[in-house]
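Novice: Fit chain B to the given chain A structure using the hints.
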Amino acid sequence: MKLDWSVPWQYRWMLADGVLVTVMLAVLTMAIAIPGGIAVMLLRQSGSRVLRAVGAAFVEFFRNLPLILLVYWSFYVLPIIVDIQLSPFATGLVALCLNVSAYNAETFRAGVNSIRAGQRNAGLALGMSRWQVMRKVILPQSTRRILPVLASTWVSLFKDTSLVSVIAVGDLAHNALQIRSQTFRVLEMLTVMAAIYWCLGYPQAKLVDWIHRRYGVSE
Amino acid sequence: MSAVGGRDAGRKGADRPPIVVYEGVVKRFGAFTALDGVSAQVNRGEVVCLIGPSGSGKSTLLRCTNALEAIDSGRVVFDGAPLPRRESEARHVRRRMGMVFQNFELFPHMTALENVAVGRSTVLSEADGTAKVRARALLAKVGLADKADNYPSTLSGGQQQRVAIARALAMDPEVMLFDEPTSALDPETIGEVLGVMKQLADEGMTMVVVTHEMTFARRVGNWVIVFDHGRIVEQGPPAQVFDAPREVRTREFLSHLGWGGDSG
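Protein chains in written order, with my numbering: chain A, -15 to 203; chain B, 13 to 276.
This is chain B alone, in the form it adopts within the complex:
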């Protein structure tokens, strides 16, 4: 395994240039170093899962991927070009990535349909009617065609998160970023969200997923990156990371979660 850890020939999408490359990314919040020289890559068509203890830097890396956070040193390269520093240019890159948040962050003053349509009508200046036709199709895709006119406050957490996924998909993103998408959900609605994500993965969507759902990472992920204290402890295919972890920290983290291997 190379130092970067991503150039394995057998890795999914290794035959094409990677969509995202992190090169020695450092991010500080005051005296706290959230990311301490992170290097990794995301191949096209891959599902990369970022796991590790809370506060280990996973979510920060995700937010650096679409320039919601500016990095202090290193580079984040998207589709061959480093992320622009200027806010006015950053948004042209952001529209090519979809993001799903832990707390959904649906717009509460818009219906589900409007939430999904607003990106296309505002950012792509698409006609309202056209954007809504597309939005309806996406709501159907996530199983919420009948909730188009509902406001977010009348939807369950799982339904809200599926609307949020549809909202991100509306921009036809080249990569989807998921920031702990099921952490704020009731246990009974986690499955419906993971189901939609699995369906996306099966369709070949490139995904970066920060998650505590080890079963999802094991079964759906193509590549797993383990974080601790702002550094990558270990990365590799899920079979290696979950069934034969090389690092002590990985084993500790997995056993702390009660991970006893995936028998299914």
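So that you can see chain A by itself, here it is in the shape it has in the complex:
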């Protein structure tokens, strides 16, 4: 078997495009799923039983579905429910945001619950509202505990973006697989695709390790 490494080079701009879309997807997902996760966490911590149930249902639903199913669901079912046809990119973004928001909500909840009750009481005793206590007292303190977990979620998310390729979002995985099926250069394309994901992911994983060492709470 003769390998032809000129194929990936020939399609380098298509691969670069894919990388850009992958990075955009990951960044946008996290940018939305952090406030999204906080919102869902606040629902779960709310004084209203109904809101708590809504928050819990969101988390348990979207966290326990396989992401690929969520991607297909957003593509085929969501447009029927909300009657809006989104672009594949936006559809993939919605699926990722639902999944990661559910994970982030649990991360934030664990971080918030790790702050002892006395801190909350001290805020309340000053006359703060529950929301003010959250914003001024609890969230700033839980950041240290939340950040390392959030970083791990980010690394998973970066790789999981590849799942949106099944609905023809032009991310790295989709473009690489497209080139493969046009050129029949399976081994070359899969190798190059793996190399690119690894080169992008490895520094991130190292960065996460550093964050764990720097901010990890040892108690």
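Since the hints were made in silico from the structure, they are not lab data. Predicted model, so just to flag it, every value in this text is computed and none were measured. Ideal placement from N, C-alpha and C gives every residue a C-beta, glycine not left out. Do not take every clue at face value.
Over 10 Å on every C-beta distance to chain B, these chain A residues come out as not near it, computed from the model [claimed, not checked]: (1) -4; (2) -1; (3) 59; (4) 113; (5) 116; (6) 133; (7) 146; (8) 183; (9) 185.
Just the calculated beta-carbon pair ranges, DEER-fashion [to be verified]: (10) B:85 - A:188: 40 to 46 Å; (11) A:35 - B:165: 31 to 37 Å; (12) B:108 - A:35: 27 to 33 Å; (13) A:7 - B:41: 50 to 56 Å; (14) A:190 - B:120: 44 to 50 Å; (15) A:193 - B:85: 34 to 40 Å; (16) A:127 - B:93: 48 to 54 Å; (17) B:270 - A:101: 31 to 37 Å; (18) B:40 - A:101: 15 to 21 Å.
Specialist: Chain B only, in chain A's frame:
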């Protein structure tokens, strides 16, 4: 002495309506009854000390005073109005009371100055600069002007508790609630905290103090309430409670602490 125990004409502040009145307050935690029909009152300008064995309900009553705990029956009346049940209304009452905790509960991510200023800037929406000017003055009042930029973790227990007192005072409270303010302190720093509290009392601040510091209760307190098993055993002026206790339980509790009277 009346059943309520607080209407004595000679009692400090008896000429004005009381600031806090407890009427048959009951508080349960599951099967445990923490407060079993507590009735008492706090007059304006008074220092009321709550004493008694651990777990007798003193701290619970304090936490019911600013609605940090909801009561199961009875009433807590603050400035003529029963405490609101709704959380959103409770905070308007809480801001009029200051609270000092056994474990200080300073906010560890804020400097001493920020700890004192955060109440005014957040709850009263006061400009940051204005709140900090006030906070600086209060830190000076508790003798910590030079520690304004320190984080709580770099302060001694006594210093942290004085910052916590300044934080509570920042809201211009009508009554200060102290929950065992010296119990978590090293013996050598207890004095500095009691000193600040004595100074507040001398300035006429209304104070409710849960304490095991009998000397403080005897000398600074105007009214002493003795708790046991969620009930009030005895209450009266410190001279009566400490020097001529009427109840056996009071005598037992005081002798258990080694209280032999206050010779000073």
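Novice: Could one say that the CB atoms of residue 7 (chain A) and residue 41 (chain B) fall in the range 50 to 56 Å?
Specialist: 53 Å, holds
Novice: Does the claim that residue 113 (chain A) lies off the interface hold, with its Cβ farther than 10 Å from every Cβ of chain B?
Specialist: Residue 113 (chain A) not clear of chain B: closest Cβ-Cβ about 6 Å, inside 10 Å.
Novice: Range first: 15 to 21 Å. Now tell me if the beta carbons of residue 40 (chain B) and residue 101 (chain A) are that far apart.
Specialist: Holds, since residue 40 (chain B) and residue 101 (chain A) (Cβ atoms, about 19 Å apart) stay within the stated range.
Novice: Tell me if the beta carbons of residue 127 (chain A) and residue 93 (chain B) are separated by a distance inside 48 to 54 Å.
Specialist: The hint (48 to 54 Å, Cβ to Cβ) is violated, given that residue 127 (chain A) and residue 93 (chain B) are roughly 39 Å apart.
Novice: If we take the beta carbon of residue 133 (chain A), is the closest beta carbon in chain B still more than 10 Å away?
Specialist: Label holds. Min Cβ-Cβ 19 Å, cutoff 10 Å.
Novice: Decide, holds or violated, for the assertion that all CB atoms of chain B are farther than 10 Å from the CB of residue 146 (chain A).
Specialist: Label holds. Min Cβ-Cβ 38 Å, cutoff 10 Å.
Novice: CB of residue 85 (chain B) to CB of residue 188 (chain A), is that within 40 to 46 Å?
Specialist: 58 Å, violated
Novice: Is it the case that residue 183 (chain A) keeps its Cβ farther than 10 Å from each residue Cβ in chain B?
Specialist: Non-interface label stands for residue 183 (chain A): nearest chain B Cβ at 37 Å, farther than 10 Å.
Novice: For residue -1 (chain A), is the shortest CB-to-CB distance to chain B above 10 Å, so the non-interface label stands?
Specialist: 44 Å, holds
Novice: Does the claim that residue 116 (chain A) lies off the interface hold, with its Cβ farther than 10 Å from every Cβ of chain B?
Specialist: 5 Å, violated
Novice: Over 10 Å from every CB of chain B: does residue 185 (chain A) meet that, or does the non-interface label fail?
Specialist: 32 Å, holds
Novice: For the hint 31 to 37 Å, verify it against the beta carbon of residue 35 (chain A) and that of residue 165 (chain B).
Specialist: Because 36 Å falls inside the window, the suggested range holds.
Checked against the numbered hints listed earlier, the structure breaks hints 4, 5, 10, 14, 15 and 16; every other hint is satisfied.
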